[in-house]
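K.L.:
Make the full structure from the sequences, and use the hints.
So the sequence lines, in the order shown, correspond to chains A and B.
Per the numbering used here, the first sequence runs over residues 2 to 342.
Per the numbering used here, the second sequence runs over residues 66 to 429.
Note that these hints are calculated values from the structure, not bench results.
Using N, Cα and C, we set each Cβ at its ideal position, and we do this for glycine too.
Take these hints with a grain of salt, some might be off.
Claimed, not checked - Label pairs and their calculated CB-CB ranges:
#, chain 1, residue 1, chain 2, residue 2, range
1, B, 192, A, 151, 39 to 47 Å
2, B, 260, A, 312, 35 to 43 Å
3, B, 375, A, 169, 39 to 47 Å
4, A, 111, B, 375, 28 to 36 Å
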Amino acid sequence: MSSPTLTERPTRSTLFDGLSRYIPIGATVALLAAMYLGGIANYPNFDNPQLIPDLFIGNAGLLIVAVGMTFVILSGGIDLSVGSVMAFSTMACAWLTVEAGLPASIVVPAVLVFGVLSGAFTGAIIHYFNVQPFIATLAGLFLYRGLTLQISDHDMSIRDIDFFSWGMQRIEFGDPRDGGFSLPYISFIAFGVVILAFIVLHYTRFGRSVYAVGGSEQSALLMGLPVARTKVGVYAISGFCAALGGVVAAFYTKSANPLAGVGLELDAIAAVVVGGTLLTGGAGFVLGTVAGVMVMGMLTTIIAFQGNLSSWWARIVVGVLLLAFILLQRVLARSGEKRKG
Amino acid sequence: MNLASPVQTAGGGRASAYFKRLMWPLIVLAALLIVNIAVTGFDFIVPSVHDGRLGGAFVNILRRSAPLLLIALGMTLVIATKGIDLSVGAVYAIGAAIACQYILNGDQSALGVVVTAVTLALAIAALIGAWNGAMVAYFGVQPIVATLILMIAGRGIAQLITGGQIPSVADDSPFVSIGRGAIATVPVPIIIGVAVFAALVLLTRTTALGMLLESVGGNPEASRLAGIRAKGITVLAYLIAGICAGLAGIIGAANLGSADANNGGLWIELDAILAVVIGGTTLLGGRFFLVGTTIGVAIIGTLEVTIINVGLSSQWQFTAKAIVVFIVAMLQSPEFRAWILRPFRTGRPGRTPAAHDPEKAPAK
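P.N.:
Below you can see the structure in the form of structure tokens.
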């Protein structure tokens with residue numbers, strides 16, 4: 002067994018075997034529960050039944066993007082372009098419907114197809130030309146932010162397009178006065194994406210290939226798995242999710258801001274890591290990502306309820322959480338190595 | 066392609082390897098300069114002296130690029146160890162925040178206060194760098210993850226230091242001259258940039274440190290077996306990157322006379338990585354080129370001015386950078402070169418470089 006040196010990947014086969022692979026996600030869920038109970042104990046109105054649905058609504062875009070990021074990270078890559086692609090998609094929705102006058106029922110599918118194609122293109126460059134994911138998606142980060150700014154360097158309203166009012170119509174579950182809550186249509190898009198991602202990752206051949214490629218690309222290749230298709234596929238999924246996140250943002254805000262989603266890729270990566278996915282790839286759960294997004298949403302909610310805490314505490318706490326989860330992963334990996342070694 | 070170990074390229078091979086690496090960046094820089102000269106005339110490149118300070122468009126580019134140069138130089142060393150430092154932008158903000166806040170709390174015009182403030186800021190930056198290095202070397206955390214923590218938390222810390230305000234230093238404080246002053250007509254940021262560049266070149270090329278860095282980045286396990294204390298070397302690289310980032314923040318803050326925790330040095334880590342990659346150092350670690358990085362920084366600085374000079378709106382900046390990243394990534398990819406040259410090579414046995422390359426494993 003090679004000693005863990007520097008930047009080497011930890012020995013793959015010893016990572017997160019058996020029950021210990023559920024420890025990080027368990028820790029995330031426990032943290033989420035603790036935050037919620039702590040919130041209820043400390044702040045009045047925190048037990049409002051609308052609070053948890055609001056978490057989903059406010060973070061629907063981030064959730065969708067983070068699900069796409071989970072695929073990429075599980076496969077051992079990284080996608081820095083998601084924030085820019087998301088902003089570009091929102092802006093494209095706004096421009097095509099408002100300025101070009103196209104019907105929204107054509108624009109939205111077109112934007113989603115664009116997301117898939119741009120992601121697949123990035124993935125193809127990464128795989129066939131062996132460009133590092135970091136650099137290839139960095140180009141996407143600059144490109145789509147630049148294109149967004151070129152379409153418009155100021156906010157563009159899509160208020161007068163009826164199509165986008167549809168998304169915020171709500172379905173009520175019970176009476177709000179006695180424990181009921183309501184969800185807008187768009188939050189079901191986020192749920193749908195999560196469920197679909199769960200099924201694809203755990204019950205399809207493609208999903209297994211994603212884990213295998215993330216575990217060891219060389220081994221996956223030798224096993225005869227379609228490495229090329231898998232790698233292009235995960236970036237296409239991430240591109241689709243980023244574009245969908247942009248469309249959801251268009252529904253949610255009914256306006257397009259050229260600087261929306263700056264740094265969103267970091268939030269998405271942080272949510273994936275807090276959700277227990279290894280950044281080296283090969284281990285993790287998409288449901289963990291959901292919990293990670295919820296933790297980050299809960300954090301901002303608590304800071305809002307506290308009132309006297311400044312917003313920058315959220316960043317510091319997210320950093321501390323990241324640190325804690327990364328160290329937890331390292332400890333688990335090391336104890337795994339010891340057991341085997 | 067960076068795999069030539071220092072041993073193989075010792076002696077005569079080294080000079081030609083350098084030339085090959087630096088040829089593309091130099092051509093790009095020359096092309097950008099020619100475009101600018103064609104558009105704005107020879108005044109672009111010729112320095113002029115006014116108010117006892119060198120001026121002119123190109124000198125201003127160099128002056129404004131000094132913070133990026135410092136960060137990119139530090140980043141080069143980190144990338145040489147097969148790492149990456151995403152936290153430099155945040156460290157930039159922290160360095161600026163500490164220096165400005167300390168000066169505001171003391172006597173703004175006293176030289177002693179300024180010196181203490183700068184020293185304090187650099188010490189904290191060094192500490193942050195060492196922390197990053199320790200996470201990578203001793204805890205075995207992937208560099209991209211280890212530095213992501215401070216990339217996210219760092220700007221929060223900087224805002225904590227400034228209390229969410231943007232502290233401004235008075236224009237008569239000696240601190241401001243770090244960014245705006247000149248010694249013997251040469252702007253201070255350029256002097257600092259050149260000094261750090263010279264120090265790092267001396268440190269890495271006249272001592273064994275450079276070779277140790279390359280060997281740690283080239284093959285950590287082999288270096289360890291060869292008796293190199295890889296962990297200490299790694300920590301040192303991150304520590305230098307931290308100091309460079311802190312110093313860059315101080316220069317940036319001194320130039321503006323204020324420290325903006327939110328926007329100071331925003332995305333400078335991406336620009337720095339871009340400069341390093343343009344300069345011929347690959348993210349796979351190993352061989353590094355401080356001269357190439359410097360040219361990369363000059364290219365990025367000139368590119369921003371070129372866009373304005375040729376009459377494009379400043380929104381084109383991002384798009385132009387994307388194109389540069391794309392071209393550089395393609396030029397550096399052996400697979401792409403093989404693919405694009407294939408029509409010209411029919412008949413000859415096709416060389417498929419890096420196909421069985423052990424380094425091909427995806428590095429992040």
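K.L.:
The structure should be examined with respect to each hint, and the outcome stated for every one.
P.N.:
A quick look at each hint next to the structure:
Taking 39 to 47 Å as the suggested C-beta distance range, the pair residue 192/B and residue 151/A conforms, at roughly 42 Å. At about 38 Å, the CB distance of residue 260/B to residue 312/A agrees with the hint of 35 to 43 Å. A beta carbon spacing of about 44 Å between residue 375/B and residue 169/A agrees with the range 39 to 47 Å that was offered as a hint. At about 32 Å, the beta-carbon gap between residue 111/A and residue 375/B stays in the expected band of 28 to 36 Å.
When the structure is compared with the earlier hints, no violation turns up for any of them.
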